[in-house]
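Start counting the sequence shown at 2; every next residue gets the next number (the working numbering).
Just so you know, the hints here were simulated from the structure itself, not pulled from any lab data. There could be a bad hint or two in this list.
What the hints assert, rightly or not - Distance windows between CB atoms, simulated:
1) Asn-236 x Gln-71: 21 to 29 angstroms
2) Thr-8 x Cys-211: 29 to 37 angstroms
3) Arg-32 x Gly-237: 46 to 54 angstroms
4) His-217 x Phe-242: 17 to 25 angstroms
5) Thr-8 x Met-191: 25 to 33 angstroms
6) Asn-35 x His-217: 40 to 48 angstroms
7) Pro-198 x Gln-71: 18 to 26 angstroms
8) Thr-8 x Gln-158: 55 to 63 angstroms
9) Ala-51 x Gln-184: 27 to 35 angstroms
10) Gln-68 x Arg-32: 46 to 54 angstroms
11) Gln-252 x Pro-131: 24 to 32 angstroms
12) Met-192 x Pro-155: 18 to 26 angstroms
13) Gln-150 x Cys-84: 23 to 31 angstroms
Glycine included, C-beta positions come from ideal geometry on N, C-alpha and C.
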Amino acid sequence: MQQRMATANNIRQRLQATTNTVVSGQTIRNRLHNFGLRARRPVRGTTLTANHRAARRAWCTQHVRWQRQQWAQVLFTDESRFCLEPADGRIRVWRRRGERFAEGAVLERQRFGGGSVMVWGRISTRLRTPLYHVVGNLTGVRYQNEILQPLVIPALQAIGPRAILQDDNAPPHRSEAVNTFIQQARVNRMMWPANSPDLNPIEHMWDELCRRVQQHHPPPANLGQLLQWLQQEWNGVPRAFICNLIHSMRQRCVECLAHNGAHTRY
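Put together the whole structure using the sequences plus the hints.
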């Protein structure tokens with residue numbers, strides 16, 4: 002079906018304009034249901050242009066035959082931001098008629114979400130080190146001085162002489178100063194296709210981390226407690242979970258190629 006985000010009324014109007022056939026929106030919905038189509042929340046994905054898809058296909062073609070021993074040499078890195086009060090439109094409350102504003106039925110929120118913290122992490126099949134708290138905006142200079150030199154280089158050395166750094170194409174990661182430092186330090190850096198978070202297993206670590214923190218009740222009272230729980234839950238993720246994520250790299254490449262460089266289920 003083309004134009005999957007068209008509403009039943011949109012389809013009704015187009016049908017009437019092109020065939021002069023008048024049907025109700027409910028009839029349109031009934032026919033769609035007969036074909037097994039139901040209205041669902043769309044999956045959110047990054048924008049993928051033709052160039053993005055071509056780059057993803059090329060990258061996956063290059064890496065689809067890598068063995069687990071090769072992926073074990075890769076240090077996957079990324080940073081992520083966590084809000085004190087994450088927005089979740091799926092929250093529901095049980096109430097009776099007339100209890101809209103009853104005690105316990107109102108979801109209280111601080112204005113502007115209560116703030117957030119940014120953390121940087123790294124994983125491989127061999128090591129997982131504590132989260133690093135990034136205070137303020139991460140620039141290229143800070144990325145070099147606070148992350149690459151003191152954190153990444155020792156981690157790569159711990160993996161071994163064939164270690165590979167994976168980081169995405171965020172501006173701080175690809176600044177001229179950072180690129181120069183990478184070359185001078187003789188770091189083996191993996192070229193990464195733009196707009197490809199689904200190919201990076203660390204994204205699933207962020208999801209797992211978010212789920213673990215949200216299971217705390219009551220929720221974190223302030224940013225300091227949020228950061229403490231993030232670091233605690235990050236260290237608590239089983240190593241087997243991380244290894245399974247990295248072992249999925251071949252299947253990620255296979256699926257991306259099968260979708261012609263488009264979005265994958267990852």
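Hint-by-hint comparison with the structure:
1. Asn-236 x Gln-71: 21 to 29 angstroms: holds, 27 angstroms
2. Thr-8 x Cys-211: 29 to 37 angstroms: holds, 31 angstroms
3. Arg-32 x Gly-237: 46 to 54 angstroms: holds, 50 angstroms
4. His-217 x Phe-242: 17 to 25 angstroms: Taking Cβ atoms as reference, His-217 and Phe-242 lie about 19 angstroms apart, which means the hint holds.
5. Thr-8 x Met-191: 25 to 33 angstroms: violated, 43 angstroms
6. Asn-35 x His-217: 40 to 48 angstroms: holds, 45 angstroms
7. Pro-198 x Gln-71: 18 to 26 angstroms: holds, 21 angstroms
8. Thr-8 x Gln-158: 55 to 63 angstroms: With Cβ atoms ~56 angstroms apart, the hint holds.
9. Ala-51 x Gln-184: 27 to 35 angstroms: Since Ala-51 and Gln-184 have Cβ atoms about 31 angstroms apart, the given range 27 to 35 angstroms holds.
10. Gln-68 x Arg-32: 46 to 54 angstroms: holds, 49 angstroms
11. Gln-252 x Pro-131: 24 to 32 angstroms: Given about 29 angstroms between the Cβ atoms, the range holds.
12. Met-192 x Pro-155: 18 to 26 angstroms: holds, 23 angstroms
13. Gln-150 x Cys-84: 23 to 31 angstroms: holds, 29 angstroms
In the structure shown, a violation is registered for the earlier hint numbered 5 alone.
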